[in-house]
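Sequences listed follow chains A and B, in order. Here this note's numbering is used: the first residue of the first sequence is 12, the next is one more, and so on. Here this note's numbering is used: the first residue of the second sequence is 4, the next is one more, and so on.
Rather than coming from a laboratory, the hints here were simulated on the basis of the structure. Treat the hints with care, since some could be wrong.
[To be verified] Ranges between beta-carbon positions, derived for each pair:
#, chain 1, residue 1, chain 2, residue 2, range
1, B, S54, A, D317, 24 to 34 Å
2, B, S54, A, E386, 37 to 47 Å
3, A, D292, B, A76, 51 to 61 Å
C-beta atoms are modelled at their ideal positions from N, C-alpha and C, and glycine is treated no differently.
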Amino acid sequence: MLTARAFEVLPGQDPVEFCYAQGWTDGLPVVPPTEGRVLRMLVGTGRAPDETVAWIPPRRGRATVERIAINAVMAGCRPEYLAVLIAAVEALADPAFNLNGVQVTTHVTGPLLIVNGPVTRELEINSGPNVFGPGWRANATIGRAVRLILLNIGGATPGVLDRSTLGHPGKYTYCIAENEAASPWEPFHVSRGCGTGESAVTVFAAEAPHSVTNHVSHDARGVLTSIADSLATLGSNNMYVMGEAAVVIGPEHAVTIERDGLSRRDVQEFLFQRARRRLADLTFQGAYGKIYNRNWPVWVNRDNPDEMVPAVERPEDFLVLVAGGAAGRFSAVIPGWAHWSRSVTRRIVESPAPDPRPPAPAAEGRLYDPVAEAEPEAVRLAAPLGDLRGSVIGILDNGKWNAGKLLGALADGLGREHGVADLVVRKKNTFSRPADEELLVELGEACDAVVTAIGD
Amino acid sequence: MHDAVRLEQIGVPTAVICTGPFAAEGEAQAKALGLPEIRLVPITHPVSTLSAEGLAARAAEALPRVLAAWRAAKDE
Chain A
12 MLTARAFEVL PGQDPVEFCY AQGWTDGLPV VPPTEGRVLR MLVGTGRAPD
62 ETVAWIPPRR GRATVERIAI NAVMAGCRPE YLAVLIAAVE ALADPAFNLN
112 GVQVTTHVTG PLLIVNGPVT RELEINSGPN VFGPGWRANA TIGRAVRLIL
162 LNIGGATPGV LDRSTLGHPG KYTYCIAENE AASPWEPFHV SRGCGTGESA
212 VTVFAAEAPH SVTNHVSHDA RGVLTSIADS LATLGSNNMY VMGEAAVVIG
262 PEHAVTIERD GLSRRDVQEF LFQRARRRLA DLTFQGAYGK IYNRNWPVWV
312 NRDNPDEMVP AVERPEDFLV LVAGGAAGRF SAVIPGWAHW SRSVTRRIVE
362 SPAPDPRPPA PAAEGRLYDP VAEAEPEAVR LAAPLGDLRG SVIGILDNGK
412 WNAGKLLGAL ADGLGREHGV ADLVVRKKNT FSRPADEELL VELGEACDAV
462 VTAIGD
Chain B
4 MHDAVRLEQI GVPTAVICTG PFAAEGEAQA KALGLPEIRL VPITHPVSTL
54 SAEGLAARAA EALPRVLAAW RAAKDE
């Protein structure tokens, strides 16, 4: 039987409205998670319902198989989709992806799922026309189930812990298959180390797709020049904080590139060389000093105004794949979320057969809770600071803009007015992840109190 | 937040300066990490675009709150 908390829907109460009132939705209606539907969904995996698949930040709720299944029901998934969904959740929980950062950032980003291999045919995951748009149940519901999991188990409520300034429509659903048939190269997941017969899902912290129009070029260089220029705009997040970028080549453009015999690596190298912007433009002719330049590769000459700064740190940070319909000379570029998140590919190991039984009866009386609360081990607050005079104070700069200067001004005040004996000043490598344990232990042993900044 | 929670675990009172709009998020994150009484010090937003004078003013705003945060005991 299900272990999730059960809610009784009263006679005359609309189960769809009940789900809305509980805050379980993304704004669109969800399928009420009845026992019959959830049990049916669990047939989609051989894994035990109480198995913990991952802990989802920022709330760090426990994503059990059962809870994933409840959210999958709400999204409208078929049971056969569950194996893909579980693999996606595992990929998202990989530390390299930095899901915590992706969930709470002010940037416009949400996980894009790219599915490869035989499972895309078995489940009819669209890779062709309207690939980023509506029309295919697998795309729509697998992507949506991911979002409901990030909301209900991860606690990323928009405007509260999800601080994205603008958001984007991919945060309703964002799941595609690569058009392997239209690609001149090995499938994307094979280029990431999977076997040709395997299925896999790649997660990538992605902006919305930016269309690239090129109706005029009959050669690869022309098409790739348009793509390169589209990656190296003044507004591009990549230009300031690096990271990966997806390059989704439409099939007509893929034909053109194939005709000139370019490999995927050739495309990455071309874009690495040509998707660049002049340093003086990026710094607004030096108006704001050497802003963000700590994110650029070390070989970029910051003193040369004509230096051409790349959009990514290395050619392989362009994720090159083919998707879309056969008609239309369009491709798309999708900037990622800086060097603070890396895309992750995860094999889909299970391939359950479709359940031949008819759909579950729609008895709506009891609904099962898709939400996971935090289960933290209680941390005891440290003893308060005693005498400030003569103390050693730690200053921990998290690296965000102006944090160091703010803390410097604060430290001056502490020394001048309060007789602090000594300061231990340290700075984190990156503000989007916790500090190294050694650094924290060093501060802990040396200091009577610590001040850190800045959460903004 | 992770850093402050770890430092408190190690035994060092740690004040976390954040800007106003992020206080709720900071509290929620700290609660999820097991420390609802985190010593959060909200100051006026924004900070990233301030000049030196602006930063000095923010530091002056923060200082007494940082001291109060360090001196807070669990029962208060």
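Handout entry: Hints violated by the structure (numbers, ascending)
Key = Of the numbered hints given earlier, the structure breaks none, since each of them holds.
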